[in-house]
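This is what each chain is made of:
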Amino acid sequence: MSTNQTASTGITEERTTVAERPVPQPLLGVHPGIILAILDVIGLAIASYLSIVELGGGVPVCGPITGCEQVALSEYSRIGGVPVAVFGVGLSLVLLTLAVSWWRTNDPRLLAAHYGLSLVGVLFEVYFLTLQVFVIGAVCIWCTLYGASLIARFLVALLVWIRRPRAVGVTESA
Amino acid sequence: MTRRERRQAEREGRKTGRQAPASSSKGPSMMLLATVGALIAGVAIIAVVFLVSQPPAAGTADLTSPTHIPPTDLADGRTIGKADAPVTLEDWSDFQCPACGVQARETIPQLMDTYVRDGTLKIVYRDAAFQGRKSSSSFDESVEPAAAARCAAEQGRFWEYHDYLYWNQDGENEGGFRRERLDQIAKAVGLDEAAWSTCLDSGEQQQAVIVETDQGASQGIDSTPTVYINGEKIVGAQPYEQLALLIEAAAAEAGVDSSPAATPVP
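Line by line, the protein sequences are chains A and B.
Counting along the first sequence from 1, when you hit position 165 you're at 165 in the working numbering, and nothing is skipped either side.
Counting along the second sequence from 1, when you hit position 31 you're at 31 in the working numbering, and nothing is skipped either side.
Source of the hints: derived by calculation from the structure; they are not laboratory data.
We put the beta carbon where it would ideally sit given N, CA and C, even for glycine.
Any given hint could turn out to be false.
Residues of chain B clear of chain A, computed beta-carbon distances all greater than 12 Å [to be verified]:
| id | residue |
| --- | --- |
| 1 | 42 |
| 2 | 71 |
| 3 | 76 |
| 4 | 174 |
| 5 | 180 |
| 6 | 192 |
| 7 | 193 |
| 8 | 197 |
| 9 | 202 |
| 10 | 223 |
| 11 | 231 |
| 12 | 248 |
| 13 | 251 |
| 14 | 252 |
Ranges of calculated distance between the beta carbons of each label pair, as one might list FRET restraints [as the list claims (entries may be wrong)]:
| id | chain 1 | residue 1 | chain 2 | residue 2 | range |
| --- | --- | --- | --- | --- | --- |
| 15 | A | 52 | B | 220 | 34 to 44 Å |
| 16 | B | 215 | A | 135 | 53 to 63 Å |
| 17 | A | 126 | B | 110 | 49 to 59 Å |
Let's have the full structure, built from the sequences with the hints guiding it.
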């Protein structure tokens, strides 16, 4: 960031001389981008499993915890004919790209985008969980796990943001 | 740098023309932007999804109406035809089975018009509802529609419900006969929906369907449709002409014997 004003106006010229991309504090001993990327991969795996099963015409297996079948067979499991899980795959891929990019570049805009998108996902998961409990009458454990991973991603991004070091903005007057 | 040192540096900075971190004001605004943007986007997405995902309420507009009217004046539960008809055709079928659908839509109506109406034939529907067992779903899309049709039979509307099911097949174990769909058919058929729902929710008819399916399996019915014409077993959907020949032969034989042949009714 820089603020340049001509000296001829008699006003001070300022120029930021410090890094714009502060390195975040480590989380669990590693760059938080790695933590976010791992959570994104977990979410991607869950959404991929659900997508493959549903696109194949089947229903997900929940083992002893029933409910997946009923949710998968309800009309709420698809949006415009596309399984909800497919949108989850897309979201996870975008988030994973953002997390890895942020890890490599420390550009805070990438972290903000990850934070914002995961918040969108959390809002949708709240809506979908409400549908499962009050409308469908069954809860899909896979969907809930995906939602939990989204909440974790959102919280990690929020925590990182709160703890992030400000760019040591030492500005100098010319 | 400790907080005290930082404050000291800031104080000195002000004295020397240096200023507080320029980027510190950028952080919160970016976060605020992301939060507000996410909230707006989230609400918008949910609103769109809510509107798109609305089930077709109690509407029946997307149901296909059967193109044949069964002779319901001759219906008695899951049997249709005169009680003293010399030929009995037992139809072991699964409402999800595509071949059963072809038979129900194309062959059975012709048999009804030709042989049921003139008193030669009576048709008895039997459940061989095992297609749903291929799915891990707790909602068995073979047993549930069969039970729904039995509940319709309690109101004397089995054959109408039967026809709606077969005219509205939509894949196997893919939600074609989910509960909402069965509800729509009940409405289309004109059932007392409350009584029908109570019947279906009790689970008794589902149990009866399973028992009959198992009985069929024990007598060797492992494929649908399977029909018995006066006890003669025919596996697989047959053209009308083939079944007509068999029915006429059975009628002739029954006429000689003067007694309806017994069929292996479980």
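Hints and how they fare:
With 12 Å as the threshold on Cβ separation, the claim that residue 42 of chain B sits away from chain A is violated: the shortest Cβ distance comes to roughly 3 Å. With 12 Å as the threshold on Cβ separation, the claim that residue 71 of chain B sits away from chain A holds: the shortest Cβ distance comes to roughly 35 Å. Even its closest Cβ contact with chain A, about 34 Å, leaves residue 76 of chain B beyond 12 Å, as expected for a residue assigned away from the interface. Taking the minimum C-beta to C-beta distance to chain A, about 6 Å, the non-interface status of residue 174 of chain B is violated against the 12 Å cut.
Residue placement check: residue 180 of chain B does not keep its beta carbon more than 12 Å from all beta carbons of chain A (closest about 7 Å). No Cβ of chain A comes within 12 Å of the Cβ of residue 192 of chain B; the nearest lies about 24 Å off, and the non-interface call holds. Here residue 193 of chain B stays apart from chain A, with its beta-carbon at least about 19 Å from theirs, past the 12 Å limit. In this structure residue 197 of chain B is separated from chain A by more than 12 Å, as the shortest Cβ-Cβ distance comes to about 15 Å.
Its beta-carbon lying about 17 Å from the closest one in chain A, residue 202 of chain B satisfies the requirement of being farther than 12 Å from that chain. Every C-beta of chain A lies more than 12 Å from that of residue 223 of chain B, the closest at about 22 Å, which supports listing it as non-interface. The Cβ of residue 231 of chain B lies farther than 12 Å from every Cβ of chain A, with a closest approach of about 38 Å, so its non-interface assignment holds. At the 12 Å boundary, the C-beta of residue 248 of chain B stays outside the reach of chain A, the nearest C-beta of that chain being 42 Å off.
Residue 251 of chain B, annotated as away from the interface, keeps every beta carbon of chain A farther than 12 Å; the closest lies near 43 Å. Residue 252 of chain B, annotated as away from the interface, keeps every beta carbon of chain A farther than 12 Å; the closest lies near 47 Å. Range check, residue 52 of chain A to residue 220 of chain B: Cβ separation about 37 Å, and the 34 to 44 Å hint holds. One distance hint, 53 to 63 Å for the beta-carbon pair residue 215 of chain B and residue 135 of chain A, is violated here, with the actual separation near 38 Å.
Under the hint 49 to 59 Å, the C-beta atoms of residue 126 of chain A and residue 110 of chain B, about 55 Å apart, fit the expected range.
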